[in-house]
Amino acid sequence: MIELRDLRFAYGDGGFELQVERLSIAKGQRVGWIGPSGSGKTTLLHLVAGILSPAAGRVDTCGKELTALQDAARRDFRISNVGLVFQDFALLDYLSVLDNILLPYRINRSLRLEGIVCDRAQQLAEDVGLGEMLTRRPAKLSQGERQRVAVCRALVMNPQLLLADEPTANLDPGNAARVLDILDGYATKQAATLVVVTHDRDVLRRFDETIDVSTFCTSAQWDPAGGGDNA
Amino acid sequence: MRDSLYLAWQYLRHHRMVTAVLVASITLIIYLPAALQVIVNNAEEHFRSRADSTPLVVGPRGSSLELVLGSVYFDKPYEGVLRLEQLRRIEEQELGQAIPLHARFEARDCQIVGTTENYLRLRNLSTAQGRSWSLLGECVIGARVAEKLGVQVGDKIPVSTSTAFTLDNPPLRLHVAGVFATTETADDEAIFVNLETTWIIEGLGHGHVRGAQHGSPEAKLYTDITKENVASFHFHGNRDKFPITAIIVTPASDKAQTILLGQYFSPDETAQIVRPREVIDRLLERVIMIRSYMIAIIAVVSLVTLLTMTLVIVLSIRLRRAEIVTMSKMGCSRFTIASILGSQIAIIVLASSAIATALALLTDAYGSELVRLLIL
Chain A
1 MIELRDLRFA
11 YGDGGFELQV
21 ERLSIAKGQR
31 VGWIGPSGSG
41 KTTLLHLVAG
51 ILSPAAGRVD
61 TCGKELTALQ
71 DAARRDFRIS
81 NVGLVFQDFA
91 LLDYLSVLDN
101 ILLPYRINRS
111 LRLEGIVCDR
121 AQQLAEDVGL
131 GEMLTRRPAK
141 LSQGERQRVA
151 VCRALVMNPQ
161 LLLADEPTAN
171 LDPGNAARVL
181 DILDGYATKQ
191 AATLVVVTHD
201 RDVLRRFDET
211 IDVSTFCTSA
221 QWDPAGGGDN
231 A
Chain B
1 MRDSLYLAWQ
11 YLRHHRMVTA
21 VLVASITLII
31 YLPAALQVIV
41 NNAEEHFRSR
51 ADSTPLVVGP
61 RGSSLELVLG
71 SVYFDKPYEG
81 VLRLEQLRRI
91 EEQELGQAIP
101 LHARFEARDC
111 QIVGTTENYL
121 RLRNLSTAQG
131 RSWSLLGECV
141 IGARVAEKLG
151 VQVGDKIPVS
161 TSTAFTLDNP
171 PLRLHVAGVF
181 ATTETADDEA
191 IFVNLETTWI
201 IEGLGHGHVR
211 GAQHGSPEAK
221 LYTDITKENV
231 ASFHFHGNRD
241 KFPITAIIVT
251 PASDKAQTIL
261 LGQYFSPDET
271 AQIVRPREVI
281 DRLLERVIMI
291 RSYMIAIIAV
301 VSLVTLLTMT
311 LVIVLSIRLR
321 RAEIVTMSKM
331 GCSRFTIASI
341 LGSQIAIIVL
351 ASSAIATALA
361 LLTDAYGSEL
371 VRLLIL
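Going down the list, the protein sequences come from chains A and B. Here our numbering is used: position 187 in the first sequence is 187, and no number is missing along the way. Here our numbering is used: position 372 in the second sequence is 372, and no number is missing along the way.
The set of hints was computed from the structure by calculation and includes no laboratory data. Treat each hint with caution, since some may be false.
[Said to hold, decoys possible] To give a feel for the contact side, a few chain A residues facing chain B, derived at Cβ under 8 Å: (1) 75; (2) 76; (3) 78; (4) 84; (5) 90; (6) 92; (7) 94; (8) 95; (9) 98; (10) 99; (11) 104; (12) 108; (13) 117.
In this text, a Cβ means the ideal position worked out from N, Cα and C, and glycines have one as well.
Looking at chain B on its own, in the form it has when it is part of the complex (with noise of 0.2 Å):
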């Protein structure tokens, strides 16, 4: 067996690129439907833990999905529009705490979440560095936020929404006053501020000059929120009317949880309210559905290749036919020349399946950044 086994790794070492042709094919064969478990089981324990911790979200009427999406996984600024009398409306009858969210703007391609400290306490988010905000216009970023944009406590990031900005009100720069601890939720990619600061940042509110008539030259307005301006803030309009994009709410009670769904079937209701955990939970139906597809896709394309390989090991032994006829009237047995073969089938197989099962443990060990970086 181990001059088979030597014969037949000199054989394999001696055609190098046929060999390497042949050990890639079956490492891509036993790895891809073993990666896309991995990520499609990060991915769906991902989302699944995120939604079991949101217990309900109310949201302007459309898809419950963008509303799921935008208010609990911040996958992208959300346009849905709730006015803050929603918010009152649930706090009023104290059927559980509600979290207003806002979430409609970004700064340098990170999402800004304006929310309250109440929210930080639902998601048990701790400032690793700094200190949580405590004034209009400071923000507390994600961990991985501060280290895509590499910003610390102290710097300043301008807000990058264009939509919110004109000639009359100029985008607003934060203050960083702190970083979360890493908590491989969508929390680590967001920028946190309160809910005043977003209203700041969409112009329903502003701070100038003391006394300056607006519109006036003398009352240009401050893009930076400051210990000394900070008491020239100030809002115009009813606030009722101020726009959040989605309430998270814990209800207090099972029964005050039925309350609340009974409340918004109404057809003339313009919120909605859903629980994010059925939402993706139909999401990642389709996910499966999909991964099935893409399992008998690559069944067939394994089969393909795996068939296509019997093809070149039949036609290498066809070539190799003189160097066995040879090794036979050497008084070589049958048996031998099919375990030297066989050797060199097995040599591929395992070393494909050693390659296969690291990249395998790989894609797991950093299966969390990898669901990040392909998924959300």
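One chain only, chain A, in its complex shape (with noise of 0.2 Å):
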């Protein structure tokens, strides 16, 4: 599902360096990602999506190549095929909970808006408790239920890998459980590939397996004892 290999990246001030040599993931496996501050989860979560390109090397994600894909092709694969959430939600404000669910749909041709789309969205929503909620503004939800929101448009389009960037950062205990369960709930069911990337220990006894992205940082700047940029 995830293949990487040989694959280097820095950003344009050299301050951060990532260096992996294999990286491999199975379909259906879940995985989390933990590490410092800056030691390069998120940058790796987003060359596994295709978000970043890397200086050299190979990413292959669900089958595809994506080094060796243009900039429009990766975005047709990513949205087809990656659902993402975000650690801020990254939700509309001008948006209704449906709307913001569907999205993916609005803003990539590859995608069809369909009433059968529709009617998922709304069972996602109603399978995560806010089927009461979808003309109401992210403004009038709580934390718990946006972080749903965000989770239920990552879902909307059934995609085969989960990328989900410290979805429980924001969330108290209880909600972050209820994310880590919706996710891993459609991960089981889809047999999706579920990768989380987790500052919190406590969380890594569901995943199949625990990778530590700091051992791919090879910047000299970086502080393995927790400093550094947020990369």
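These two chains come separately, so use the hints to put the complex back together.
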């Protein structure tokens, strides 16, 4: 499902560098990525999603060699195959809950917004306890509800791969567990691959495998004790 | 495109106040020059058509513009005075038709115009209700006067000019004999009486109990002229010296016009003759110049407004950076992001244009009304 080989990535200022000789994650696997701030967790997630391109090496995601694709093709691939969950929810304040969930269908022409998609979005919202809140704006929701909307948005196009960047960082333990349950449940049901970036070592027991991303970071400026950029 | 429009519309709906301010600003930028153009064009047409139907005007020396405005457009009571002998002078030469006007007084803020039946023929004035005046003290009112004062045939309108009356000469009450059909000209705003009635108003004639000595208690002056007392009305003094304010002259020929125009060149001459069209053209040149200045000012204000709006839009895009980054991460192309932002601007501009066009059409439809309200 995810295959990285001889990957090298550095930001323009040269202050941060990632090198991954080999990393494989099988289809249906649930993996937790840990590491201190600035160790490259989010950067690696973006490389796997095709948001960033490496300076060298190869990235295969869901059977596609992303490093061989142009920007437009990577975007089309990403929106159809990769569900992204962000730490800060990243909901659009002017859209209702339902419209936020359907957002991927409105921003890329490779997805077609049809009735069946709307039904699926409503069902997802029902499943996560947001069925009565479809017309509400994000400002009227609690933190936990917002993150559940963000998770529904990541799941609505039935992705094969779920990438969640610290999805529970802004949530209380109850909501955090609920969000992880939803992601976990989806991955199990759809046999999708789940990668969760987290600082929370308590949740690691949920995953099949835990990878310490800091081992890929070769930057001289990076401080393994926990300093550095939030790369 | 449909999805971009949808997202743009949702954004604008959510930020109603900002959207309303932007739409209002652009609407004004589009509408103001258009409205100015419509109003000026209507004013030009209005002034020119009236001036064109008034070949020559003779009046006292002084401002030709005031003479034309006071005697052709009845904009306010005209203070200048000519003597009736000026009318005789033109009539005796048989150079054309001369129509006297007396426009010095008002009744309930409406101009009273003393004239002859020839004026009604010159302006094609016909009564929509009642009849023309036949008695001293009767009036025929313009359509707007009837509407404004809420009077009809048979009602009485007291003359309100204070200067013409004394305790010995109480205000006359004009009997409404008829209402003219609407003409969309200054005639709609005036009260027409025969020339003699204006002299009664002026105090040059009056009526009282027959046989009573002037100044005696029995010689109480009538304030209503009726069939019963009209015969007692009489004038004092030399009629040739009675006042009028202007004479409209329709020359019999070009030659007659040239002769007439030449007669008023002498420096000793107390009257002047003007071609209203020339006077109005000079006035409109000024108006057009002022319009150009106004359009320049509007252009500068519009430019500043557009720059401010550009700043608002740029700032709002910067504020939405996180949203744009999120969409981009999810798989949205720069083109789609640009099309969402472009759709927002397009919706605002289209809405503003539609409102401005509707307002401009309304302004055009009510152009003459506006000209009357704002200019006349």
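Here is what the structure says about each hint:
no., hint, result
1, 75, "holds (4 Å)"
2, 76, "holds (7 Å)"
3, 78, "holds (4 Å)"
4, 84, "holds (6 Å)"
5, 90, "holds (4 Å)"
6, 92, "holds (6 Å)"
7, 94, "holds (3 Å)"
8, 95, "holds (6 Å)"
9, 98, "violated (11 Å)"
10, 99, "holds (7 Å)"
11, 104, "holds (6 Å)"
12, 108, "holds (5 Å)"
13, 117, "violated (12 Å)"
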